[in-house]
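Visitor: This is what each chain is made of:
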Amino acid sequence: MATAAAAAAYPPPRTSATDGLPRLLNNKYRLERRVGEGTYGVVYRATELASGQTVAVKVRGGAGRGGAGTVGGEMRPDDSEEGVPSSALREIALLLELRHDNVVRLREVTRDLSRPDPAAAAAAAAGGRYSSGAGGGGGGGGDSAQLFLVFDFVDMDVHRLMQLYPALGANAALVKYLTYQLLCGLDYCHRRRVLHRDLKPQVEGGWGVRNLLVDVRGGGHSLKIADFGLSRAFGVPVRLLSPEVVTLWYRPPELLLGGRLYGSPVDVWSAACCVLELSNRWPLFPGATEIDTLLKIFEKLGSPDEATWPGLADLPHWRPQLPRYPGRSWEEIAPRLDPAGRDLMRRMLTYDPAQRITAAAALRHPYFADIGPLLERPPQL
Amino acid sequence: MRTTLVDWLGEVRDEFRLHGETLFLAAAYLDAYLAAKPVSRDRLQLLGMACLWVAAKFEEVYPPPLAAMLAMAENMYSAADLTAMEKEVLFTLDFGLAVPTPLRFLHYMLQLAALPAHPGEALSCRR
Chain X
1 MATAAAAAAY
11 PPPRTSATDG
21 LPRLLNNKYR
31 LERRVGEGTY
41 GVVYRATELA
51 SGQTVAVKVR
61 GGAGRGGAGT
71 VGGEMRPDDS
81 EEGVPSSALR
91 EIALLLELRH
101 DNVVRLREVT
111 RDLSRPDPAA
121 AAAAAAGGRY
131 SSGAGGGGGG
141 GGDSAQLFLV
151 FDFVDMDVHR
161 LMQLYPALGA
171 NAALVKYLTY
181 QLLCGLDYCH
191 RRRVLHRDLK
201 PQVEGGWGVR
211 NLLVDVRGGG
221 HSLKIADFGL
231 SRAFGVPVRL
241 LSPEVVTLWY
251 RPPELLLGGR
261 LYGSPVDVWS
271 AACCVLELSN
281 RWPLFPGATE
291 IDTLLKIFEK
301 LGSPDEATWP
311 GLADLPHWRP
321 QLPRYPGRSW
331 EEIAPRLDPA
341 GRDLMRRMLT
351 YDPAQRITAA
361 AALRHPYFAD
371 IGPLLERPPQ
381 L
Chain D
1001 MRTTLVDWLG
1011 EVRDEFRLHG
1021 ETLFLAAAYL
1031 DAYLAAKPVS
1041 RDRLQLLGMA
1051 CLWVAAKFEE
1061 VYPPPLAAML
1071 AMAENMYSAA
1081 DLTAMEKEVL
1091 FTLDFGLAVP
1101 TPLRFLHYML
1111 QLAALPAHPG
1121 EALSCRR
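Order-wise, the sequence lines are chains X and D.
Per our numbering: the first sequence = residues 1 to 381.
Per our numbering: the second sequence = residues 1001 to 1127.
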């Protein structure tokens, strides 16, 4: 009864550009067009009516979402029947804690207040005593199963920048400037005990996974880390976490070998993969499977052993009979970086997570000795 | 009432073998909600369940599924009751889920006291 009345009162204004979502969200934002799909959820470009500012609205959960996300090929349930997905809950809770120039800003989280929550409506229809509404503790009457995350809109990302400017990798000053900002944002997250767990410049399935955004307004190239759909808070000491995180090509060896006690070094590894992809204009370890990725790492960096990585033999997927490679020279791995840049990459791609350089220490590396002038006068393309 | 509820949440935590941190988070969410809004006696248990469910989703690798949560309360509440209460909790707390708990501080203090690793696991149950 309640559902039928609601449906009659709110014929959903369907448009192809917004996949059946209302064009107008809470009389506050006008959804304009679909611009991408993150690890979880579809992203729309929208305008905040009061200010005229362009924002990005990410839709999480509920019926209008763009299918379950895939993580390294494995399907993840993102099922609204299980309530708010844990990925959404973590992304929101953690992003609201983060305020930094190099982290995308979450302005607001809201529901579609014009539509009743299907769950609450069903409970009301079933005469449930405990449904919200009726003055109880209800959050202002009707709501929807979907959550809308409103972000500052940034219209460029590292991947598109690389497509538009093939010579980007040869621009040493710009690569350094972007690398520095990536590490600044990462260091900030780690200080706030947030792991990102999905840093990558790449694209999945043709839609821009806008993980590393670049704000080109004002002629600068301000980098913003985005898409915290796989992020989580970590404690000290770190305890068992899921090994099925981080897109395959950017996944560090401790995860590929099945390690479950990991921490901030996973993001440092992924960050180095991003930087070298930017510099080389080619992904560093483009493996088709976990073992393929691992062997690509061994082939480039040389196979690890107990001497270089104490504790290696205890990792669940480690086998002594894995092929042994001598590794390649850093001139070959990072041809466009200067010696200091190569040294930083070597430290960020250290096998043993305990010996891998931290984001904080990386910012003090000699590669960034001349970062001061670049910060004052951002390099141009 | 609160003691009874938190004791029961501890039993649910034992049943699902959740981490101690999850129970502490649930209690923190419960207190934050009750400080913000009143709740009727017949919805208090539902509120506690929603807090524990949210804490598990935030903290655990494998949070208990909805049906298992409902079974713990002998199906007194429906799936729609729990999902609606979950959102009610999230918006009332403004998604402020990343809060430090007493257990976190206990871990730090035990570390400073140079006691064995992971002692919190032994202490993290209800009592």
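Keep in mind the hints are simulated off the structure, nothing from the lab.
Please note: incorrect hints may appear among the correct ones.
[To be verified] Have a look at the derived ranges for each label pair, beta carbon to beta carbon:
#1 X:PRO373 - D:MET1109: 52 to 58 Å
#2 X:ARG319 - D:VAL1061: 20 to 26 Å
#3 X:ALA288 - D:GLU1011: 44 to 50 Å
#4 X:LEU24 - D:ALA1073: 53 to 59 Å
#5 X:ARG105 - D:GLU1011: 37 to 43 Å
[Claimed, not checked] Among chain X residues calculated to face chain D with C-beta under 8 Å, some are:
#6 LEU24
#7 ARG90
#8 LEU94
Cβ coordinates follow ideal geometry from the N, Cα and C atoms, glycine included.
Visitor: State for each hint whether it applies.
Guide: Going through the hints against the structure:
1. In this structure the hint that X:PRO373 and D:MET1109 lie 52 to 58 Å apart at CB is violated, the actual value being about 45 Å.
2. At about 25 Å, the CB distance of X:ARG319 to D:VAL1061 agrees with the hint of 20 to 26 Å.
3. A hinted range of 44 to 50 Å for the beta carbons of X:ALA288 and D:GLU1011 is consistent with their spacing of about 47 Å.
4. For X:LEU24 paired with D:ALA1073, a C-beta distance near 39 Å fails the hint of 53 to 59 Å.
5. Between X:ARG105 and D:GLU1011, the C-beta spacing of about 41 Å keeps the proposed range 37 to 43 Å intact.
6. Hint status for X:LEU24 relative to chain D: violated, with the closest Cβ pair at about 21 Å, above 8 Å.
7. Taken as an interface hint, X:ARG90 checks out: its beta carbon lies about 6 Å from the nearest beta carbon of chain D, inside 8 Å.
8. The criterion of a C-beta within 8 Å of any C-beta in chain D is met by X:LEU94, whose closest approach is roughly 6 Å, and the hint holds.
The earlier numbered hints that this structure contradicts are 1, 4, 6.
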